[in-house]
Amino acid sequence: MSTRIELKELTKRFGGSGSGGILAVDRVSFKVEGGEVLGFLGPNGAGKSTTMKMLTGFLPATSGSASICGFDVAARPLEAKRCIGYLPEGAPAYADMTPEGFLTFCASVRGLTGEAGRKAVARAVERTNLEGVLRQPVETLSKGFKRRVGLAQAILHDPDVLILDEPTDGLDPNQKHEVRALIRELAKGKGSGDGGRAVVLSTHILEEVEAVCTRVVLIARGRVVADCTPAEFVAKSRFHNAVTLEIVTPDRADVPAALRQISGVSGVEDVEAVDAGAGRRVRCVVLAGKGKAVAHEVSHLVKARGWEVEAMRVEAGRLDDVFRDLTCASG
Amino acid sequence: MQGTLPIFRRELSGYFATPVAYVFIVIFLILTGIFTWQLGGFFERGQADLRPFFDFHPWLYLFLIPAVSMRLWAEEHKSGTIELLMTLPVSRGGAVAGKFLAAWAFCGVALALTFPLWITVNYLGDPDNGAIVTGYIGSLLMAGAFLAIGACVSAATKSQVIAFIIAVVICFLFLLAGFPPVTEFLKGAQMPEAVISAVTSFSFLTRFDAIAKGVIDLRDLIFFSTLIACCLVMNAFILEAKKA
Ligand SMILES: Nc1ncnc2c1ncn2[C@@H]1O[C@H](COP(=O)(O)OP(=O)(O)OP(=O)(O)O)[C@@H](O)[C@H]1O
Ligand SMILES: [Mg+2]
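Those sequence lines, one after another, are chains A and B.
Residues in the first sequence are numbered consecutively from 1, following our numbering.
Residues in the second sequence are numbered consecutively from 1001, following our numbering.
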């Protein structure tokens, strides 16, 4: 394992110097090791694409620094760029070229000519399932295929660092699945040397994070608001370890009040009660305090009171809840 | 100049992959034909040379070259492929050179396709072929200067229309600088001799005129080469400034 990407206090201000203009990225620092797949999350306009553009050397940083495989992006741009495979936002490609011509061009710019170039293109084409459209001008391709052409271009030279801006945007469910599998496979690959390969991908699809990422960095308004594993990220949810309970009770007992008595319970929400035959059907969510598990106690209480259980399950928490909590709170 | 060769090849084949190249070449050939035969009085002059042919080149280039150069960078800005290009391991100078050389080579092809004229004059008479070769070299150099100006303008905008218009205006100024009415006007305005000669020294017309006559003056060659080099350096700077 070695550090593949390092950002130090990376900042970007658009338009105007000093305190004027738009502060798109605000002192973002993190490191990505070989073998990691980092999910870069944030609401629209949070600064994800801007950060990636600075990492890949397209935009100069206002202050701070970024380095790729040990090469400072500003001081050694060519060396840094050689290590990177980059899929820019919107997957731009030369519209009048065919995917074959385009990929061959990208390969030759990267020094892969002749047989090596043909091999690299063939492998990237196979990995992104582009065989059927190789001779069709890029401008006539569907959105998903365009994205795949961009992806093929990014993995062409087997880079140590992959930076993918919304790689699965516009792909059909099958392709999403394939691309995720590809990303996982790429992250396992050794890359050159033995430092492992680092992948940074931005996405708005949160399941993707659970499916492929080993780490999550969430930014809002240019600031990092979370940097952890997906499991830790989910654990930040209010609904982590919460118990959803659906019971029928003959007595008109106040179920939520009883549940609140349990130690470790931080609240009871979404109480819904309907009269049903002999008694009342009550649905509620019992929230657990931070780091507490309450399922056991809840089931004891249910037994003791003789409530008839229709459904009971422990929640893991949902990524979107955490996403919403963290990105709204910071405003 | 990392990446120049692949970019050169991509750009050049790009011209011929679209109708742009053929439309351009056909129009260029038709216009040179009309100018040389009709307006230039090719036959009436009774002289076996290509003077009337070359005389119209500056004016032809004024509109045709910006049409070639306008898309060089503007299209990259517009379609976002600039982000792709600039994150590939190419140096900015390499990219600028590759694109410029491809456009120049394309103009060279169009110019070379006027060879039937050369054959015709050789068939009809006994021209000074040395002067004709000089004329072609001068014409190609001037095309390069127009192109470099156009490329520079194109780097500053994402609109091809704006790139075209501004390039035409700037090239027009360079042409006008040596146009006799302008020189007369400057003299009439009591301008000091130094100013007049400075303005005239930037003139494409006077410099090209000398080359087209078959006179190769090293200073003219240096002028065009320096102008091209300056514009390309500026081109690279504009690209850098634009993304900040
Ligand atoms: N060239 C630019 N000039 C001025 N402001 C810009 C420029 N590019 C981006 N911004 C601003 O920077 C901020 C961050 O934009 P960015 O594209 O990085 O967001 P994002 O996180 O990628 O959003 P999305 O999820 O919508 O892709 C936005 O407020 C945007 O308006
Ligand atoms: Mg974005």
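Calculated directly from the structure, the hints in this document are not laboratory data.
Worth double-checking, as some hints may not be accurate.
Claimed, not checked - With beta-carbon atoms standing in for the labels, derived distance ranges:
1) Trp1059/B x Asp96/A: 39 to 47 Å
2) Ile1165/B x Glu115/A: 21 to 29 Å
3) Ile205/A x Lys1243/B: 27 to 35 Å
4) Ile205/A x Trp1059/B: 51 to 59 Å
5) Leu1140/B x Arg135/A: 43 to 51 Å
6) Lys1243/B x Arg184/A: 48 to 56 Å
7) Ser2/A x Ser1091/B: 24 to 32 Å
8) Phe1016/B x Glu115/A: 19 to 27 Å
9) Ser65/A x Tyr1022/B: 30 to 38 Å
10) Val1026/B x Glu79/A: 41 to 49 Å
11) Ser1091/B x Cys228/A: 36 to 44 Å
12) Cys228/A x Phe1016/B: 38 to 46 Å
13) Leu1124/B x Arg135/A: 30 to 38 Å
As the list claims (entries may be wrong) - Lysine-lysine pairs mimicking DSSO-like chemistry, simulated, CA-CA at most 30 Å apart:
14) Lys31/A x Lys1243/B
15) Lys143/A x Lys176/A
16) Lys1213/B x Lys143/A
17) Lys176/A x Lys1078/B
18) Lys8/A x Lys1213/B
19) Lys8/A x Lys1187/B
As the list claims (entries may be wrong) - Over the 12 Å line for every Cβ pair with chain A, so calculated as not near, a few chain B residues:
20) Gly1014
21) Trp1037
22) Met1086
23) Thr1157
24) Phe1172
25) Leu1186
26) Asp1220
Just so it is clear, CB atoms sit at the ideal spot from N, CA and C, and this is done for glycine as well.
Here is what the structure says about each hint:
In this structure the hint that tryptophan 1059/B and aspartate 96/A lie 39 to 47 Å apart at CB is violated, the actual value being about 31 Å. Separated by about 47 Å at the C-beta atoms, isoleucine 1165/B and glutamate 115/A break the suggested range of 21 to 29 Å. For the hinted restraint 27 to 35 Å between isoleucine 205/A and lysine 1243/B, the CB-CB distance of approximately 29 Å keeps it satisfied. The hinted range of 51 to 59 Å is satisfied by isoleucine 205/A and tryptophan 1059/B, whose Cβ atoms lie roughly 58 Å apart.
One distance hint, 43 to 51 Å for the beta-carbon pair leucine 1140/B and arginine 135/A, is violated here, with the actual separation near 35 Å. Distance hint check: the CB atoms of lysine 1243/B and arginine 184/A are about 33 Å apart, inconsistent with the given range 48 to 56 Å. About 27 Å separates the C-beta atoms of serine 2/A and serine 1091/B, a value consistent with the hinted range of 24 to 32 Å. A C-beta distance of roughly 26 Å is found between phenylalanine 1016/B and glutamate 115/A, which places it inside the suggested range of 19 to 27 Å.
As the Cβ distance of serine 65/A to tyrosine 1022/B is approximately 49 Å, the hint placing it in 30 to 38 Å is violated. The given range of 41 to 49 Å is respected by valine 1026/B and glutamate 79/A, whose C-beta atoms sit roughly 46 Å from each other. The supplied range of 36 to 44 Å is met by serine 1091/B and cysteine 228/A, whose beta-carbon atoms lie about 39 Å from each other. For cysteine 228/A and phenylalanine 1016/B, the Cβ-Cβ distance of about 54 Å falls outside the hinted range of 38 to 46 Å, so the restraint is violated.
Our hint of 30 to 38 Å for leucine 1124/B and arginine 135/A is violated, since their Cβ atoms are close to 48 Å apart. The suggested pairing of lysine 31/A with lysine 1243/B holds, with an alpha-carbon distance near 25 Å, which does not exceed 30 Å. Between lysine 143/A and lysine 176/A the CA atoms are separated by roughly 13 Å; this keeps the pair inside 30 Å, and the hint holds. Pair hint lysine 1213/B plus lysine 143/A does not hold up; C-alpha atoms about 56 Å apart against a cutoff of 30 Å.
Under the criterion of a C-alpha separation no larger than 30 Å, the hint pairing lysine 176/A with lysine 1078/B is consistent with the structure, at around 28 Å. The straight-line distance between the Cα atoms of lysine 8/A and lysine 1213/B is roughly 63 Å, outside the 30 Å bound, and the hint therefore fails. Taking the CA atoms of lysine 8/A and lysine 1187/B, the gap is near 62 Å; set against the 30 Å cutoff, the hint is violated. Annotated as non-interface, glycine 1014/B brings its C-beta within 12 Å of a C-beta of chain A; the closest such distance is 7 Å.
The claim that tryptophan 1037/B lies off the interface holds: its Cβ sits roughly 35 Å from the closest Cβ of chain A, which is beyond the 12 Å cut-off. Not every C-beta of chain A lies more than 12 Å from that of methionine 1086/B, the closest at about 5 Å, which undercuts listing it as non-interface. Interface exclusion of threonine 1157/B from chain A stands, the closest Cβ pair being 18 Å apart, more than 12 Å. Distance check for phenylalanine 1172/B against chain A: the nearest CB is about 30 Å away, which clears 12 Å, and the non-interface claim stands.
With a least CB separation of 42 Å from chain A, leucine 1186/B remains clear of the 12 Å interface cut-off, as annotated. With a least CB separation of 36 Å from chain A, aspartate 1220/B remains clear of the 12 Å interface cut-off, as annotated.
Consistency with the previously given hints fails for numbers 1, 2, 5, 6, 9, 12, 13, 16, 18, 19, 20, 22, ordered from lowest to highest.
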